[in-house]
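Visitor: Spelled out, the chains give:
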Amino acid sequence: MSGDGRAPSWAAGEPRVAHRDVQAIRGPLLVVGGVDGVGWDESAQVATEEGVRHGLVLELDGDQATVQVFEGTDGLVPGAIEVRFAGSPLRVPVGAGWLGRVCNGRGAPLDGGPPVTGDRLEPVAGWPMNPVDRDPPHEPVLTGVSAIDALTTLVRGQKLPIFSVAGLPHLALATQIAAQATSAGTRFRVVFAAMGLTHADIAYVRDRLEERTSSGELVLILNAADDPAIERILTPRLALTVAEHLAFDDGADVLVVLSDMTNYAEAVREVSAARREIPARRGYPGYLYSDLASLYERCGRVRDRDGSVTIVPVLTMPAGDITHPVPDLTGYITEGQIVLSPEIAARGVYPPVDTLGSLSRLMRHGAGARRTRDDHLDVAAQVLAALARARQSAALAELVGAAALGETDRSYLAYREELERELLDQGDAESRSLEETLDRAWTALATLPRQELTMLSPEMIRAHLELPDEGVDDA
Amino acid sequence: MDAVSASPTPAARVGRAVRVTGPLIEADGVPDVAMGEILRMGAGGISAEVVGVDGARATMQAYEYTGGLRVGDPAAGTGQPLTGLFGPGLLGHAFDGLMRPLSSAPLWLRPDRPGDDADGIRSHRWTFVPAVAAGDTVGEGDVLGTVPTTGAVEHRVLTPAGCAGTVERIAAGEVGELDAVARVSGRDVHLSERWPIRRPRPHRERLTDPVPLHTGQRVLDLFFPVARGAAAAVTGGFGTGKTMLLQQVAKWCDADVIVYVGCGERGNEMADVLDDLGRLVDARTGGRLVDRTVVVANTSNMPMMARELSIYTGVSIAEYFRDMGHDAVVIADSTSRWAEALREFANRRGDLPAEEGFPADLASELAAFYERAGRVTTLGGQEASVTVIGAVSPPGGDMSEPVTTISQRFVRAMWMLDRDLAYARHYPAVHWSGSFARDAAGLARWQTVHGDPEWAQRRARALEVLAEADRLESLAEVIGVSSLPGRERVVVLGGRLLREGVLAQNALHPNDATCADAKGAALLDLVLDVIDACHAAIARGVSATALERVDMGPVIRAAQDGGPEDATAIAATRERMLDAIRRVS
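If you're matching them up, the sequences are chains A and B in order.
Using UniProt numbering, read the first sequence as starting at 1 and increasing by one per residue.
Using UniProt numbering, read the second sequence as starting at 1 and increasing by one per residue.
Extracted from the complex, chain B is given alone in its bound form (with noise of 0.2 Å):
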């Protein structure tokens, strides 16, 4: 039917639905029914999940909608939980939250659209290249083939988990999508594997050392930066820029594959990713950055309880991934909707509401799903991982709403957006104050080993500026800035070099889009030595108003006027500057 779960037991395992509220069902008499199962119900044979067994009755969340089911319909055990199939042709591609490809689906999503037999995708034939013999020994998570793609990614096929020893049978050459390539001490491995959704993949251990993952957005790489395997969440009121910021770092940031989850977003918003994805070439290997990328799309007008589930699906294709050895990035749009469909299904059952209405599990749902990110020595021995950027909507841009706060505690860095910097068209909009990084000084350590010892020390200094320029503009707006003393006001204009000239990013200029690591701390040393130089000049007695009458322009525009990787323009800009304000009189 669909690549949710394979097909049902041979033994009929049929009760019927006794109760039908949109996604909720409850059904009596499936004998042996188990938590997680997978339950066909009516003659559509929709996809229900169990969450709740008393007695004989199961009750389920359905993931499409039931309009239609009536109570006395079959409801058929699977036996199985709900299962993805894993393999290549996943890049490139859309799925909806239950894996199903969207590529090959009609315009209109009804339930009863074609399961995908008649897909596209499922029946590509691709090629198998050994990377083993017949007679080889190997261990779990050991390469047994790659398959050429279209992208830069190497797709390698793994010995599964729970399975090593003598390779029996190797296949070369063309294979279908779920044939087996090879047979390893007695178990046969085909090309796509089946992976139960929720339940996370196992890997060797964790690794603590952070290692940043390059976003390309100075704001974030220069200030709060995020580790390879780390979480991080993007929160902000509407009209903020969440998407458009989760939408640089899917185009920029150096990681091998990007799982992209619209999970109760607009239709309009997934389309505008595909397509530009499609356009754009990865810097890194030439390629096109859709080829890089899994697009899980299930927007806010699909069936709910899929939603839920998208999260899910992003993560288990992120870990997938990074089992070949990859570094992986979910990103997560949003993960405040994904508690919504808990909230909702929570509600109709009627589970008792902790804060708001949502489920007294949530903290313990979001930490489990946050977790799931982390860089690792995968089952084959290689260093990879799952970077999780998740986006958090709060209502009525209310910071203490409880998604928020839960994922404040969990995430390693935190992005917050702010409305004031958004309305002034300050992009992104990722404010200084309420922003933190948990890593900075673990990818202070890298950087310094990494050839930028003073990378820590122009991040403080910069964020010292910010923060008392924030602290000496709300008094400038009662007293007004000439009433400053100098050095007050040079910090003033500090502030707005380093808002305008560094964090403020134009992401549809190219040379400004993305940003190189030398080209953001050259940016930086540039503001921060045209700050020392105002004060040196104040020092020696020049008059504030004649420092705020220097033309600013180059610094603020410095950011555009070299490529993204381009650092010497930079340091041309600032000889020039800095020569500007010493003959200031």
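This is chain A alone, in the form it adopts within the complex (with noise of 0.2 Å):
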């Protein structure tokens, strides 16, 4: 994708002392020598002779800065190079300019249109929420996909990470929460990051994001899997950026959407490795979970503001390893998490969420009654509970064969293939209101014998399936 040879505008800063003393020349990083009055974390230009590249100070030792190049360092010639340091972090323009844009993992237009301008420059580092501030999120996003609104509610200012397998359809329902997602009443936006994405991939990603574009409700940021790797470190950070802004000085309810996670965590321990740091686990760095946290903890909602900002990063488990350290520690701060299952998607369901296998953490602050409908957490507890019945009925058929269960154990195998067929399969394009999501629960709950609705009252029970002009009949 950087394929434009543009420099986006914030980028060219006044000029500075220019330093030519390249030293050495490892991976994506630079070390420069003969260095003075430079900061740590400060952002530098690298001028080649074809166009500059970005970076930013890791380490600095006496007269020697090591530089990160984001763009990586192919082409790079020690001595036809020269660095200027801008004397700030690196900082990007914040504003509503972004919204409707289509840009590179570095922020350079790729829609044909000039730079993206914004009110003013903020670092894409970010600086940590006060906690005392924080307002605990209670407000739902719908996203219109049942499995998910119906069971693993997403809660405006949460993390909720969506973990996959190569293979499962998992950039289709990101792209498709992205397409589809709202809040109650507020103004909604989008922020789509893609991080190593196949040029396929982010064909599909523009298509099907492009009415949501146009009419100024999102912004695109892409880097492609054949783009700068260390470009993947800037990509997320971008995104939030621009997200905070949108979310805290705008008013906006802003998700963000970041895929692929795994790509970014290499990026790092690209780095870390070229810095010949201690690995911890698998070769990433012991840093990886404050480094994924500095990302995922810029979610949230702050007290008495309008505005959040919700994450969904997506992520896939290398070979469907759960206990990978990017899953996991992506789950240790995440606020729950959405499985995708390769049994499941083999079954033709999508989308392929395992639901006994995700939970969201602030559904219960974020459903139920005066925030989606009063049936909701019952019916949601209902429906998991009872699913995990059938999954051991299906267990015993397998051993026994079908044909020898009991009564209740049959009536949970068609319990659990109505709820798929009724709830938790849809189009990827099928958007559901909330009240049809929950309203196909109860279909597919009432497939049960009544006595084993013992998470639901009788009350409820009598509202949802015994309405006298539908003739339901008492099972």
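Treat the hints with care, as some may be off.
Across the chosen pairs, the derived CB separations fall in these ranges [unchecked claim]: (1) B:568 x A:378: 26 to 32 Å; (2) A:443 x B:548: 29 to 35 Å; (3) A:436 x B:518: 46 to 52 Å; (4) A:199 x B:548: 57 to 63 Å; (5) A:318 x B:543: 48 to 54 Å; (6) A:378 x B:543: 33 to 39 Å; (7) A:87 x B:364: 39 to 45 Å.
What the hints contain is simulated information worked out from the structure, not anything from laboratory work.
Since the structure is predicted, the reported quantities are computational estimates derived from the model, not experimental observations.
Glycine residues also receive a C-beta, built at the ideal position from the N, C-alpha and C atoms.
Join these two chains into a complex; the hints should help.
Guide: Rendered as structure tokens:
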């Protein structure tokens, strides 16, 4: 995606001292000598014959500065480049000018438009939000995807990742959420950051999000698989800085989709390896947790202010291993997880959400009476409990044969089929209202004998399953 | 500048930064630099603690973001270790890892944010009520006076350690945070005390006979109890409910003071804790729970080395209240994040790694932290305690990783959370087979003395049923439960009743969020008696199928039927159920 040679406007700072003493190039790192008066974490420009590259100071030791170059160091000749330090951390313009734009992973336009400008410059790393000023999330974001809205409700200000396995339609799901998500009665904005996606995937994302982009509700920041890997370290920070401004200064509810975090973490590992740091697990640096947290923790709501940042990171678990450092550390930071499962995908269900392995920790704050619908939490609990029971019945059926099952076990198997057909399976462009989603859940629950619905009050069952005009029979 | 340390000593001892890499800074030429001393770095004067000295070069860990710090920037010695200001105004408020108040800090925590000179808590005026008169003789740790605060916790101002003799002057009425309130044999005693955060506060002696800390969580109080002044750890992979369990303990345990340390955890969680505690009423005192709580919040995106410090900040605050004669509980969520901060810094420093990249002194650091727990006689002669409850977050849920295995060696109680239980929405997901309580025997003696001689026997029987039920259930998965003999089917049923009726607890249900000892004992008696009755029924020839058809709903719902203290309703359920089982034929 870096085919566009133009540098983003904000990167062109005032000229400063040019350093030519490049002593070493190691992976994505430059070691520059003769440096004086340069601060740690300062941004740098590396001028080559072809154009300007961008970097950050990772280490200062005496008169040496180690600089990480986002565009990579391929083609750099130590004697033929000049490094200038900006005197400030890396900053990007923020503002509504980003809406409707398609940019590369560094924020340079890919849509043929002019460079993005903004009200002011903000550091891409952001600042930690004072936990005392946080408002606990308590309002839903509706995605129009039944499996999520009904069972793992996304809440404004939450960070809820999608854990997937290569080959599953996680990108379709993430794109569907980005295209459909809304929150009641507010301005809703989406920032979609792609990291290391293939060109085919990027074309798909651009196409699916075309409508929302052109209506000025969405920002696309795209780092392709053949773009410089180190640029991926910048991409999510750029997306989050833009989102923070839209949320906390402009008062919009902003959803940030980050896909794919596994590619991001690999870029972090690459820098760490080039610095010869002692690895922790699987070659990832010991600070991967803090590094991921510095992204994910930028979600939230602020007390007495409109706006929110909700983050949906997408990551593919290498070999489906949920204990791999990237999903594992992500799971420790995020507030739940949506897990996609190959077994469920094989049954032809889209989205193939493993509902029992998925969890939205903030759901009880963002769903139910006064948030979504009175019966929502009870219905969700009952659907999941019954599904857990159905799984046992299915295991038993494999052992003894479905014919040998008791009546109750058979009704659970029927329930699971009905649930998958009615509720969990839907089209990748189909947006369902919450009403429709919950009613579909009731339809599936109706296949179970009434005495099995122990988590629903008799009044609720009467109201939803025994409407006289529908003439539903008592089980 | 801030509460971290006093102003620099008059004779300026200034060197220069020569190396900056993230939180690691090296400086040359600071004369007589001491290990543990705080240096002020650069124009912003950010705090950095000396962790190594080599000739004229000092290695430091910075407690703030070091962005913009340059080689050649000044490094000014303060002559002080890292200290915090301990006084009234801690309870009900939130602080960062350096013990700076967060309530008055701006929304975005930049390193250049204003110090706490402009701070509302610091400028607050307090009322000092003297407890001694001029001319009285006091020893160290004796109460000089009290300060009324919003909550029920009495704030006592003590004669500091190493200070004793005649009270020459004593204040009364309104005083400021930093004012002297008394003069004892030539030494001023201030309302607030500066204390080095990493140094344990002194006490007279440790007490060894265990006294239980009531947590309100049945699985803990009945099966894996923790004694006051002991250390406990809760461990489990992500999503198993560690934080939820810790929050429940913070809300419902019967300590006087709770110090909740959010160490490298989620910002939203800290907001939730503050919000919840502000709304909930303390059943024992009628006040708000937040008024007995101090929150130390160093979330995962706040400066990493301050995260390392936040654990010590929390323990020191708890010890401060212990010295007043209170029972304090430190909840540290999570010690794994603290260990990771140690690891990150050790790696940057180039230390040789031990297991999984952690530094070789991890075990001794962890042990020293857990050992700051203790039930003691204070200098003033009171019995008081600091209980430490730490969360451990094993990467990949791997229980053989260093922080988990080291914690297991040094804690008195281990609460192992199980992913399968959590997936089945069985909360708290404390698993009966991996957890332990080293003080169970001692606490059983305490229960015997305090009116419940059957406590140990009840616990042993229930654990036995749970273990046998586990074994039989895995067998039943292969051959089907109906192939088991009647007695075994009753055990499987009993295991289920124990799990669903006693161990699982609904944190969101007002009747079930907490549970009194008597109610917990009654519930366990109910289930054990039902199991006995079922065994008796089998013995008289009733089929297991008939027993499984009995509606056990009342047993499972018994916990939620009456209030948290209500044991009598459960006794009624017991009679009804035993009767129903007796009538099965």
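Visitor: Let me make sure I understand: some of the numbered hints might not hold for this structure. Which ones are they, in numerical order?
Guide: The structure breaks none of the hints.
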